[in-house]
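Sequence lines, in order, name chains A and D.
Residues in the first sequence are numbered consecutively from 9, following my numbering.
Residues in the second sequence are numbered consecutively from 9, following my numbering.
Take the hints with a grain of salt, since some may be wrong.
Remember, identical chains collapse to one label, so a pair may be satisfied in a single copy or spanning two.
Claimed, not checked - No farther apart than 20 Å at their CA atoms in a straight line, the calculated lysine to aspartate or glutamate pairs in the DMTMM-like style are these:
hint	residue 1	residue 2
1	K16	E170
2	K182	E155
3	K16	D45
4	K16	E47
5	K215	E146
6	K175	E229
7	K264	E287
8	K215	D188
9	K204	D157
10	K204	E155
11	K76	E125
12	K269	D231
13	K215	E284
14	K271	E125
15	K175	E12
16	K271	E210
17	K76	D66
18	K215	E287
19	K271	E43
Rather than coming from a laboratory, the hints here were simulated on the basis of the structure.
Number of protein chains: 2
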Amino acid sequence: MTKEVSAKTVRTPASTANLGPGFDTLAIALDRFIEVDVEVSSSFEVTSSGYGAGVPVDDNHLALQVCKFVLGHSNVALSIRSDIPLARGMGSSAALAVAVAVACESDDPLSVAVHFEGHPENAAASLYGGAVAAASVEGRSVVRGIEVDSELVSVLVIPENELPTHKLRAALPKSVLRIDAIENLSNSLMLALSLKDASTIERFMFKDNIHQRYRSQFFTESDTIMDELIRSGCIGAAWSGAGSTMIGFSTRSHAKQVLSKVKRFQEDRGVFHQVEVVEFNRTGTVVQLA
Amino acid sequence: MTKEVSAKTVRTPASTANLGPGFDTLAIALDRFIEVDVEVSSSFEVTSSGYGAGVPVDDNHLALQVCKFVLGHSNVALSIRSDIPLARGMGSSAALAVAVAVACESDDPLSVAVHFEGHPENAAASLYGGAVAAASVEGRSVVRGIEVDSELVSVLVIPENELPTHKLRAALPKSVLRIDAIENLSNSLMLALSLKDASTIERFMFKDNIHQRYRSQFFTESDTIMDELIRSGCIGAAWSGAGSTMIGFSTRSHAKQVLSKVKRFQEDRGVFHQVEVVEFNRTGTVVQLA
Numbered sequence: 009m010t011k012e013v014s015a016k017t018v019r020t021p022a023s024t025a026n027l028g029p030g031f032d033t034l035a036i037a038l039d040r041f042i043e044v045d046v047e048v049s050s051s052f053e054v055t056s057s058g059y060g061a062g063v064p065v066d067d068n069h070l071a072l073q074v075c076k077f078v079l080g081h082s083n084v085a086l087s088i089r090s091d092i093p094l095a096r097g098m099g100s101s102a103a104l105a106v107a108v109a110v111a112c113e114s115d116d117p118l119s120v121a122v123h124f125e126g127h128p129e130n131a132a133a134s135l136y137g138g139a140v141a142a143a144s145v146e147g148r149s150v151v152r153g154i155e156v157d158s159e160l161v162s163v164l165v166i167p168e169n170e171l172p173t174h175k176l177r178a179a180l181p182k183s184v185l186r187i188d189a190i191e192n193l194s195n196s197l198m199l200a201l202s203l204k205d206a207s208t209i210e211r212f213m214f215k216d217n218i219h220q221r222y223r224s225q226f227f228t229e230s231d232t233i234m235d236e237l238i239r240s241g242c243i244g245a246a247w248s249g250a251g252s253t254m255i256g257f258s259t260r261s262h263a264k265q266v267l268s269k270v271k272r273f274q275e276d277r278g279v280f281h282q283v284e285v286v287e288f289n290r291t292g293t294v295v296q297l298a
Numbered sequence: 009m010t011k012e013v014s015a016k017t018v019r020t021p022a023s024t025a026n027l028g029p030g031f032d033t034l035a036i037a038l039d040r041f042i043e044v045d046v047e048v049s050s051s052f053e054v055t056s057s058g059y060g061a062g063v064p065v066d067d068n069h070l071a072l073q074v075c076k077f078v079l080g081h082s083n084v085a086l087s088i089r090s091d092i093p094l095a096r097g098m099g100s101s102a103a104l105a106v107a108v109a110v111a112c113e114s115d116d117p118l119s120v121a122v123h124f125e126g127h128p129e130n131a132a133a134s135l136y137g138g139a140v141a142a143a144s145v146e147g148r149s150v151v152r153g154i155e156v157d158s159e160l161v162s163v164l165v166i167p168e169n170e171l172p173t174h175k176l177r178a179a180l181p182k183s184v185l186r187i188d189a190i191e192n193l194s195n196s197l198m199l200a201l202s203l204k205d206a207s208t209i210e211r212f213m214f215k216d217n218i219h220q221r222y223r224s225q226f227f228t229e230s231d232t233i234m235d236e237l238i239r240s241g242c243i244g245a246a247w248s249g250a251g252s253t254m255i256g257f258s259t260r261s262h263a264k265q266v267l268s269k270v271k272r273f274q275e276d277r278g279v280f281h282q283v284e285v286v287e288f289n290r291t292g293t294v295v296q297l298a
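Extracted from the complex, chain A is given alone in its bound form:
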């Protein structure tokens, strides 16, 4: 007997990982969503709109792979609507994997996502919402929630460039200076422990030494964009995951001003990346039965 899924709609938020120093560990969910309708079908069908609509539906399609992994078959019809851009460091594939795993009624959607993603922080944020620290320990995901001040919002600069995630990872050095490693762990702790009160967050807490500088060769504009976010009034700025999106952290009361200043800086440089104030998501993945 094959497992049959109930018809439903699953809504899963995007996520931003690393937050600067918290490499492969810290992530926060973002109020951008992927929605997946699922119902039983005689064969795999998928219709997509929004980001990812152009991805070929072949055996490599992540949604198909997740269905097969969870159900042991792919007799489902999926309708996917996404406003999470692909390969831009906003956790689109983790969000899709979580959404489809939940749609297929997996007992452990986080493990399903980790099976395809390799590490759990984006998927954990997409599943649970809010900020998380997450680790893979002997094949098991361990996740801890982190309180985030409701006054804190993100200002995202989302370039058109898609960055090659595998190249960005391959560019990382085998070893790092001990003092750099210690500063990263210190900054990531200070940041994680300050997120609950925006007034206690300081710029140094976003400083990273172990990945951003090695990745900037693939996106030489990254430092300029982060600098513009800071000069526009953000508390701190970082690569969102492996980019190309750059994330600024702002209080809600400053966000509008930041937005217009960043746009003005871009105009002055003659570039026009998408710039947007995006709330941190608190709800995580939500299921609505049809």
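Since the structure of chain A is already known, use the hints to place chain D on it.
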């Protein structure tokens, strides 16, 4: 006009730093104390009992240096009683610096202690109590408190060996593997975010890659002691600061059993280090006016 201090007694707790992965950042205050009575005097006088009683009272005496630094003179009489062993990784000098700075009514006893210690985590724990993450940022100390489950206690193995702190620091390598650095930052985050609920703390969260293994050449028994703490029922174990004390983390309900098992392991090996269940301190430095 020289500043005169009011007669008072200051009581400051010991502290354990690093907690495994949180090198130079994490610390927790311990219920072992240094007490300092202070009163005005025509010249510097100090009487000491307990640990540190044998330290020569010359210009290098930390208490004298702190008095001069805070007051600009040293016309005070101090009576110091300490049950914090020296050079055993229990933050005795940070505790003394904090206690004397508070006794001398410094506006910023943490900065005073950092001036003499170099980094703030031990001093911050001794000043505020509880667990902290602390960083020095451009000469300024930044401290964040971390909630600790009241069910969590420490089991300390306190050897007679004093370890040479400067040699232990000099033994650290200039660079570390990136994957080791990332595991440290991940573990330290998971630990800091789990301390509030002892049932969520796991052994991997104490795993360090960037200091303990390089220091064990100076205390080859360290791995054996940590292993005995684990086998006796501790959740995790680590070097306390730069040793020689090793700290196990246990629930209160298991602590007695851990204590007797550790002692039995030591008997079997023919060693008899001091072993003690010590509560984490919650109060920090307390002042009582005479």
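Structure-based check of all given hints:
In the homo-oligomer, the alpha carbons of K16 and E170 never lie at most 20 Å apart, since the shortest distance is 32 Å inside one protomer and 65 Å across protomers. For the homomeric pair K182 and E155, neither the shortest alpha-carbon distance inside one copy (33 Å) nor that between copies (35 Å) is at most 20 Å. Within a single copy, K16 and D45 get their C-alpha atoms as close as 6 Å, which meets the 20 Å cut-off; across copies the closest is 70 Å, which misses it. Taking the shortest alpha-carbon separations for K16 and E47, only the intra-copy value of 7 Å comes in at or below 20 Å, while the best inter-copy value is 75 Å.
When the C-alpha separation of K215 and E146 is checked against a cutoff of 20 Å, the pair qualifies only between copies, where the shortest distance is 14 Å, while the shortest distance within a copy is 29 Å. Taking identical chains as interchangeable, the C-alpha atoms of K175 and E229 lie at most 20 Å apart only when both belong to the same chain, with a minimum of 17 Å there against 44 Å between chains. Taking the shortest alpha-carbon separations for K264 and E287, only the intra-copy value of 13 Å comes in at or below 20 Å, while the best inter-copy value is 49 Å. Taking the shortest alpha-carbon separations for K215 and D188, both the intra-copy value of 10 Å and the inter-copy value of 19 Å come in at or below 20 Å.
In this assembly of identical chains, K204 and D157 lie within 20 Å of each other by CA distance both inside one copy and across copies; the values are 4 Å within and 19 Å between. Within a single copy, K204 and E155 get their C-alpha atoms as close as 5 Å, and across copies as close as 13 Å, so both meet the 20 Å cut-off. For a Cα distance limit of 20 Å, the shortest separation of K76 from E125 inside one copy, 16 Å, qualifies, whereas the shortest one across copies, 58 Å, does not. Taking identical chains as interchangeable, the C-alpha atoms of K269 and D231 lie at most 20 Å apart only when both belong to the same chain, with a minimum of 17 Å there against 55 Å between chains.
For a Cα distance limit of 20 Å, the shortest separation of K215 from E284 qualifies neither inside one copy, at 22 Å, nor across copies, at 40 Å. Taking the shortest Cα distances, K271 and E125 never come within 20 Å of each other, neither inside one copy (34 Å) nor across copies (46 Å). Proximity of K175 and E12 under a CA criterion of 20 Å is satisfied in neither setting, with 39 Å inside one chain copy and 65 Å between copies. Taking identical chains as interchangeable, the C-alpha atoms of K271 and E210 are never at most 20 Å apart, the minima being 24 Å within one chain and 46 Å between chains.
Taking identical chains as interchangeable, the C-alpha atoms of K76 and D66 lie at most 20 Å apart only when both belong to the same chain, with a minimum of 13 Å there against 76 Å between chains. When the C-alpha separation of K215 and E287 is checked against a cutoff of 20 Å, the pair qualifies neither within a copy, at 22 Å, nor between copies, at 35 Å. Taking the shortest Cα distances, K271 and E43 never come within 20 Å of each other, neither inside one copy (30 Å) nor across copies (59 Å).
Checked against the numbered hints given earlier, the structure breaks hints 1, 2, 13, 14, 15, 16, 18, 19 and satisfies all the rest.
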